[in-house]
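Visitor: Residue-level listing of the chains:
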Amino acid sequence: MPRCIGAVLARGLQRSLTLFARGQQICRFSTIIHHQTVQSSVLTIPAWACLSAKAFLVGRVAPLIPSLVLQPSRNLTYISLKKGKRKSVKSVVKRFMRLHCGLWIRRKAGYKKKLWKKLPARKKRLREHVFCNETQTKLLERMTTKFWKRNLFVNDPYKKYHECVNLKV
Amino acid sequence: MSFTRKPGGKALDILQNLPRISLANLRPEPGTKKAEKKRGRGQHGGNRSGRGHKGERQRGNRPRLGFEGGQTPFYLAIPKYGYNEGHSRRAQYQPLTLNRLQYLIDLGRVDPTQPIDLTQLVNGRGVTIQPQKRDYGVQLVGEGAGIFAAKVNIEVQMASEEAIAAIERNGGMVTTGFYDPRSLAVLCKPVPFFISGQPIPKRMLPGEDMVPYYTDAANRGYLADPEKIQKARIALAQKYGYILPDISKDELFHMLSMIKDPRQIFFGLSPGWVVNMAEKKILKPTDDKLLQYYSS
Numbered sequence: 001m002p003r004c005i006g007a008v009l010a011r012g013l014q015r016s017l018t019l020f021a022r023g024q025q026i027c028r029f030s031t032i033i034h035h036q037t038v039q040s041s042v043l044t045i046p047a048w049a050c051l052s053a054k055a056f057l058v059g060r061v062a063p064l065i066p067s068l069v070l071q072p073s074r075n076l077t078y079i080s081l082k083k084g085k086r087k088s089v090k091s092v093v094k095r096f097m098r099l100h101c102g103l104w105i106r107r108k109a110g111y112k113k114k115l116w117k118k119l120p121a122r123k124k125r126l127r128e129h130v131f132c133n134e135t136q137t138k139l140l141e142r143m144t145t146k147f148w149k150r151n152l153f154v155n156d157p158y159k160k161y162h163e164c165v166n167l168k169v
Numbered sequence: 001m002s003f004t005r006k007p008g009g010k011a012l013d014i015l016q017n018l019p020r021i022s023l024a025n026l027r028p029e030p031g032t033k034k035a036e037k038k039r040g041r042g043q044h045g046g047n048r049s050g051r052g053h054k055g056e057r058q059r060g061n062r063p064r065l066g067f068e069g070g071q072t073p074f075y076l077a078i079p080k081y082g083y084n085e086g087h088s089r090r091a092q093y094q095p096l097t098l099n100r101l102q103y104l105i106d107l108g109r110v111d112p113t114q115p116i117d118l119t120q121l122v123n124g125r126g127v128t129i130q131p132q133k134r135d136y137g138v139q140l141v142g143e144g145a146g147i148f149a150a151k152v153n154i155e156v157q158m159a160s161e162e163a164i165a166a167i168e169r170n171g172g173m174v175t176t177g178f179y180d181p182r183s184l185a186v187l188c189k190p191v192p193f194f195i196s197g198q199p200i201p202k203r204m205l206p207g208e209d210m211v212p213y214y215t216d217a218a219n220r221g222y223l224a225d226p227e228k229i230q231k232a233r234i235a236l237a238q239k240y241g242y243i244l245p246d247i248s249k250d251e252l253f254h255m256l257s258m259i260k261d262p263r264q265i266f267f268g269l270s271p272g273w274v275v276n277m278a279e280k281k282i283l284k285p286t287d288d289k290l291l292q293y294y295s296s
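As given, the protein sequences belong to chains H and D, one line each in that order. Here the first sequence is numbered in the UniProt record's numbering, starting from 1 and rising by one per residue. Here the second sequence is numbered in the UniProt record's numbering, starting from 1 and rising by one per residue.
Honestly, the hints are just simulated from the structure, not real lab data. Quick caveat: nothing in here was measured; it's all calculated off a predicted structure. All C-beta atoms, glycine included, are put in the ideal place defined by N, C-alpha and C. A portion of the hints provided could be inaccurate.
[Claimed, not checked] Pulled a few chain H residues facing chain D out of the computed Cβ check, cut under 7 Å:
id	residue
1	L76
2	K90
3	V93
4	K94
5	R95
6	M97
7	Q136
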């Protein structure tokens with residue numbers, strides 16, 4: 001009986017199921033002194049789990065699907081656990097760039113999507129790198145630390161944009 | 001009239017009769033302490049204490065930064081692009097302006113009568129180098145070329161053309177040398193390294209991408225041909241319109257012409273030597289294999 005249940009379950013659920021199985025076996029140890037050896041294969045499911053197998057397992061295992069278990073954490077860490085420092089939000093670092101003059105640049109959303117239906121003028125506008133406005137800039141500044149606010153790279157393609165030249169205020 | 005005047009006079013008499021200073025007698029100078037502003041108290045600032053009316057704002061339950069009520073937030077709607085990709089694998093060079101160099105020399109923090117090295121700059125607290133943060137050294141920047149007037153023998157990791165011209169115009173020498181991260185750490189903080197008791201490592205040669213830079217005479221690279229460097233000096237003088245002073249006739253010629261060996265980190269110390277700071281001794285290797293390794 002355990003073997004057929006094992007065959008029915010999808011491969012992706014193996015890991016969650018081994019955790020489940022092991023968890024159940026550990027619970028049993030506290031109540032039953034004489035225990036069997038713990039085997040970490042999918043096929044050794046406790047006997048009482050076989051009874052109403054499908055409904056029981058699917059109901060318990062469905063929420064353990066990786067896409068539902070592994071949710072991204074979008075929070076900003078003001079004080080980290082280990083060092084007590086502020087952390088940058090990585091999604092911001094991967095999408096935006098800060099120039100030393102304080103401006104942030106980004107790409108336009110949709111610059112790679114469905115280009116076949118877009119006219120050349122629109123495609124050109126989407127290809128441009130644009131600045132962020134004041135509200136957006138304030139948000140991005142708060143989401144990153146000063147590490148991202150100064151770079152001294154050699155052969156930097158954005159070197160000449162880091163300082164504002166001939167700016168009339 | 002013989003009248004011995006006491007220094008302080010009446011003030012001292014008063015002071016001697018006053019009670020002992022204690023916390024009860026002390027008070028801060030008027031104007032130094034400003035009263036802290038208490039937010040949201042009193043008739044007009046009170047009631048809701050500056051928190052607004054009901055809702056998440058008053059109750060302190062506002063969502064995280066960047067959240068837009070469930071709509072895909074701005075910082076996620078924008079597509080990813082590799083602006084910062086591989087940033088931790090890119091070399092960084094701390095800029096050193098000629099303004100700053102002149103300032104350091106004028107204040108005596110850096111000695112122009114000796115060859116100026118990254119160690120001298122760090123000792124004089126002219127630049128702050130962090131080898132652990134992908135810093136590969138110092139780059140000489142041409143800002144302040146107009147006011148620069150010091151004859152120096154300087155060794156940096158990168159230099160701009162204007163900076164080289166400004167230094168050579170004053171009769172100095174510029175060399176650009178490569179230091180791998182370990183050698184750079186040793187160069188920036190020599191004393192802790194010597195205390196650790198390790199032999200001085202040999203400086204590694206630049207990687208494939210930096211070899212063209214350091215073999216180019218225009219950059220005064222340490223691996224470039226000396227004759228080509230001489231020609232480049234003349235060419236630069238013509239380009240920037242100044243007469244190249246002849247260093248060989250200078251009294252400090254010996255100091256100005258001091259250049260390090262490509263495998264050497266410190267002037268006067270070879271790789272493989274161990275410096276004992278406590279007993280002020282230098283230990284040199286005698287084994288053949290070691291000598292062969294360190295002189296390769």
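Visitor: So which of those numbered hints doesn't the model satisfy?
Guide: 2
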